[in-house]
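Chains as they are written, first to last, in our numbering: chain S, 1 to 334; chain Z, 1 to 334; chain L, 1 to 334.
Wrong hints could be hidden among the right ones.
For lysine-lysine, the following DSS-like pairs were computed, each having C-alpha atoms within a straight-line distance of at most 30 Å [to be verified]:
no., chain 1, residue 1, chain 2, residue 2
1, L, 178, L, 116
2, L, 2, Z, 26
3, Z, 116, Z, 257
4, Z, 116, Z, 26
5, Z, 2, Z, 257
6, L, 331, S, 2
7, S, 283, S, 178
8, S, 116, S, 178
9, Z, 26, S, 26
Some, not all, of what chain Z presents toward chain L, calculated at C-beta under 7 Å [as the list claims (entries may be wrong)]:
no., residue
10, 30
11, 72
12, 76
13, 79
14, 115
15, 119
16, 177
Calculated from the structure, these hints are not laboratory results. Backbone N, C-alpha and C fix where the C-beta goes; we use that ideal spot for every residue, glycine too.
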Amino acid sequence: MKHFLSLSQFTRDEVQALVDLARELKANPIGERMHRKVVGLLFMNPSLRTLASFQAGVGHQGGISVVIQPGAGSWSLELRDGVVMDGEAVEHVREAIPVLASYCDLLGIRSFAGQKDLAEDLDDATIQRLASFSTKPVINMESASDHPCQALADWMTLDELGIPASGNFVLTWAWHPKPLPYAVPNAALMMAAQRGMNITVQCPEGYALPSRMIDRAHQLGAASIRTCHNRTEGMAGAQVVYCKSWCSEEFYGQPEKEIAKRAGLRDWCLSESWFEPAVPDAKVMHCLPVRRNVKIADEVLDGPRSVVIQEAENRLHAQKSVMISMLEGLKPWN
Amino acid sequence: MKHFLSLSQFTRDEVQALVDLARELKANPIGERMHRKVVGLLFMNPSLRTLASFQAGVGHQGGISVVIQPGAGSWSLELRDGVVMDGEAVEHVREAIPVLASYCDLLGIRSFAGQKDLAEDLDDATIQRLASFSTKPVINMESASDHPCQALADWMTLDELGIPASGNFVLTWAWHPKPLPYAVPNAALMMAAQRGMNITVQCPEGYALPSRMIDRAHQLGAASIRTCHNRTEGMAGAQVVYCKSWCSEEFYGQPEKEIAKRAGLRDWCLSESWFEPAVPDAKVMHCLPVRRNVKIADEVLDGPRSVVIQEAENRLHAQKSVMISMLEGLKPWN
Amino acid sequence: MKHFLSLSQFTRDEVQALVDLARELKANPIGERMHRKVVGLLFMNPSLRTLASFQAGVGHQGGISVVIQPGAGSWSLELRDGVVMDGEAVEHVREAIPVLASYCDLLGIRSFAGQKDLAEDLDDATIQRLASFSTKPVINMESASDHPCQALADWMTLDELGIPASGNFVLTWAWHPKPLPYAVPNAALMMAAQRGMNITVQCPEGYALPSRMIDRAHQLGAASIRTCHNRTEGMAGAQVVYCKSWCSEEFYGQPEKEIAKRAGLRDWCLSESWFEPAVPDAKVMHCLPVRRNVKIADEVLDGPRSVVIQEAENRLHAQKSVMISMLEGLKPWN
């Protein structure tokens, strides 16, 4: 069974086929290509875009969506194997997932990082294990270290913006009150790498991305990758700035130490001053939700360089492309 | 963009057109008039009738509904502008609403009163501001000081009951353990005024409605308006009694003082004795939910004068009328 | 109005007709037999299978499902009659149910046992009372002492497994950290009785099922019923073992005493050793959710004798059969 767990499981050509279909579907959103197909959406964590865009997209094409939120109307789920379930969790994913799969044609699963063990989260083993319990194709709706629906929408957005495959992509760190996992920065980095871009990772000292992420991005085809701690240098030449916060590798799984470490870094809030004078036309991307005036200033989000709503809208089209490709056996499910 | 934020934004003739279509849809509920249209339903506050009737109505006409409940499965939302979002709220309505609008053809929004500042709530500025972020038409699913879907259903119910446009409408206060905002009393008052009714506001001393509400009702065409603190006098001639609780103007935003003020008013629970002997045939309306034996006695709700279920059912038809009129560009969207 | 509140309200022949239609629908799941019909799903308690399978099944046949979860997005509901509602509950089921019924063609209701008074729970009076408020047919989605959708799916599963009508059915108790009500054991017992099976109730001393349940099972047509406290004896001849936990009659409504009483019974966790050597081919049924390694060991659930996923899938088909039979006036609604 071929799932959709990461963009990097596909060739660049296969990803481009998904983007191409997404653009067709953006032009012609309504149809019968999911007629009476049932898509189960299992959310272990909150959502707004994913929840709404999957339901809208499924409905556009004549399908049915079923939303399950464990712990909020549905039974709380146990994910660990071999455990004696005499605590809070009432049901095990080893039952919940095959049961849902038996009602559905496709299954979306969201399961965020445990944020305890870095290697475990970067392996993204949980989403692979959850998918292995399903008898139907699974779509990763954001996992410990990936968010391929977002990455596909972002690729599509870069295409729409006319940013060339070899364009200059800056992935910048931003301050956030909580330590966040690597799911979106990793997905964005790998997407930019697969697209063949020149990548700058811009972050304070101590926030360089784990070397295995950088190594993987090289393997996937990045034209170049550099890490910059100086923003003047980092922003130079940027065509697009992708903003995100992440935990330092040093204090992964140690939230109190991490919060102390970043105490002096609140000026890492993306503002218009970052773009002056060198890159006045650079676009700003963010996966949303975004904390205003914490990660990105109002002036940026409300100004012409922000494409965050366009990215979010493209989730609708990108996900529809994946679902239809799965159901119809189109590339890369052919 | 013309939204549906208040009945009073329309002429009486325009409202009657919406009621007329609602009656047609009550007779013929099933059709294709919303074929594959997506209606986003953003609930900042709980709901039963609104949630169920919108979903049923959208489905009857071939549409798709998407429910978003911030803080319950979806990210908690920030509504204030300019704030540094380093607290609980994860996403701002300035992103959430345009994103949802990008997936939808229509957007319903429920956002109750802040109940801190009376003038601010009566201005109903929040729902107007939220609607301004949407690129698609917005339906007010109850705001700080309005509930036009309820008011439209109530107008339709009055028509069905054969209560003449110039009939006698009593809006009566009832005791409630919590101070409630003016949304429903205001919507009911303006609806009765626009319909041209003779209006009695019946309430304990200290609970007269704010003068700007009374002034507005006069402007909208009320045949007459009086305020009565004596129930024998107030009920005289009533053809319909609309029951609701509201906060006093004096202690708006001061719940402890308000609760103390109303301590002796528990006899303001609408019972059969209120109707004897003068108005045996008067009907009783309430928007629901209603606390039994607190606001209205069992004997009234379970008896023949209660039309609360009819009002609730008419929500289905009234809302469908609004949605179809918006989508098809019928009056008043022509 | 004929509702679907218990399998035992129907003759064996009528139940078989429902199972037969369910098997047809399993072979041909997609159709137009619920075209634009609205099914309201009122959940007083959590759910996974019921929520997902009803929504999938309704959608398969062109219908619309509307989910209401009081206290989670919807108003908290009062169930008691005559109460002065000045506490937490905002709305009474005497309004909520007829309102929902006015939007829907069918209504599913889940309302678990109060677990205070045994006789009251066994009477299952609450679900009957809730159904009496509805103007549309009601489906019991699990009540104080019944779960007819599960029982119908289980009957269908037994047929699929080739277990004869007079086969040997063991209903076994299992340890659980919380005292659970009789809904599923009662539904399973009555189903097996109505099917005409030879029934063994296997449980520790002090956990015999209430005599009125046993008496009722005899009336419904059980070939034989015995209670065994010795597992070697109980398992002898078993063709299917239905595993469930329930509260002792002695301490019903006294959770602390009940938990103390069962303290030494943690070895009542169904494992492979229970089947050796006498009944190697016996199947294991459970309604789910199941606490792994508490009620049933991993080795059983992951092995070939478990049919729990098949049972869960059959919920989809069984419920669709009930809904279509209600809507089309098929047996037993003819």
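* Asked: Can you list which hints this structure breaks, lowest number first?
  -> Violated: hints 4, 5, 6, 9, 12, 13, 14, 15.
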